[in-house]
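Student: Listed below, chain by chain, are the residues.
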Amino acid sequence: EAAVTQSPRNKVTVTGGNVTLSCRQTNSHNYMYWYRQDTGHGLRLIHYSYGAGNLQIGDVPDGYKATRTTQEDFFLLLELASPSQTSLYFCASSPGMGRYAEQFFGPGTRLTVL
Amino acid sequence: GDQVEQSPSALSLHEGTGSALRCNFTTTMRAVQWFRKNSRGSLINLFYLASGTKENGRLKSAFDSKERYSTLHIRDAQLEDSGTYFCAAVNTNTGKLTFGDGTVLTVKP
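Just so you know, the protein sequences line up as chains A and B, in that order. Residue 93 in my numbering sits at position 73 of the first sequence, and the numbers go up by one each step. Residue 95 in my numbering sits at position 108 of the second sequence, and the numbers go up by one each step.
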């Protein structure tokens, strides 16, 4: 059974729209991450969290908010979506740092902003 | 910030042959992860290394933190190995991954 799930798997919205992407992990991991991946490029970190109620800013945070409501659930919010946010979004979890830093990824959400 | 240079960007192999992918790091990294993105778009974990080498079936990976590189060797390539391969450097102080731009591998009959 998949340990990191994402919903929706596909989403289409219009410019200025409000979108929430959801991620749930059942790994009992402390750390969770949101990435975006654009064609021809590697994944880039948007936001991440060390635990419920914690939020850390990633490398490409502009235009995104995130919230970690529980250990299991991490949400990515686009309050005023723009076409530049059309991308494939991945969520990941890891146990922690050091030798426990291996990340495990969800299946991805493809977002299209028209 | 941390930079990861992955090569080649594209690779074509005939079934049964092999090759190597490489990632160079601009700073000393503590660990590396290798992934394959399959045809459904899912990221499959291949290896996590903090040092040395690991082998799994027809895949073998090495990581040299001091020399700032990692390699992924594929032998006896099969059609199902096709996909995009990513390396990612692990900042074990923050848990953050910095990804290379990927290698698109095509295995042909």
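Careful: at least some of the hints might be erroneous.
Covered stretches of chain A (in silico footprint by chain B; criterion: 3 or more residues with CB under 8 Å from a CB of chain B, positions within the stretch not fixed) [unchecked claim]:
#, stretch
1, 56 to 69
2, 125 to 133
For the chain A half of the interface with chain B, some residues (derived, Cβ under 7 Å), not all of them [to be verified]:
#, residue
3, Gly83
4, Tyr84
5, Ser114
6, Met117
7, Glu122
If you are wondering where the hints come from, they were derived from the structure by calculation, not from laboratory data. Built from N, CA and C at the ideal position, the CB exists for glycine as well.
Student: Are the hints correct? Go through all of them and say.
Tutor: Verification of the hints:
Counting residues of the stretch 56 to 69 of chain A whose C-beta sits closer than 8 Å to any C-beta of chain B gives 7, which meets the bar of three, so the coverage hint holds. For the stretch 125 to 133 of chain A, the assignment as covered by chain B holds, since 4 residues bring a beta-carbon within under 8 Å of that chain's beta-carbons and 3 suffice. Annotation: interface hint on A:Gly83 violated; nearest CB of chain B at approximately 19 Å, more than 7 Å. Using the Cβ-Cβ criterion of 7 Å, the hint placing A:Tyr84 at the interface with chain B is not satisfied: the shortest such distance is roughly 16 Å.
The closest approach between the C-beta of A:Ser114 and any C-beta of chain B is roughly 6 Å, which is under the 7 Å cut-off, so the hint is satisfied. About 5 Å separates the beta-carbon of A:Met117 from the nearest beta-carbon of chain B, less than 7 Å, and the hint is met. Taken as an interface hint, A:Glu122 checks out: its beta carbon lies about 4 Å from the nearest beta carbon of chain B, inside 7 Å.
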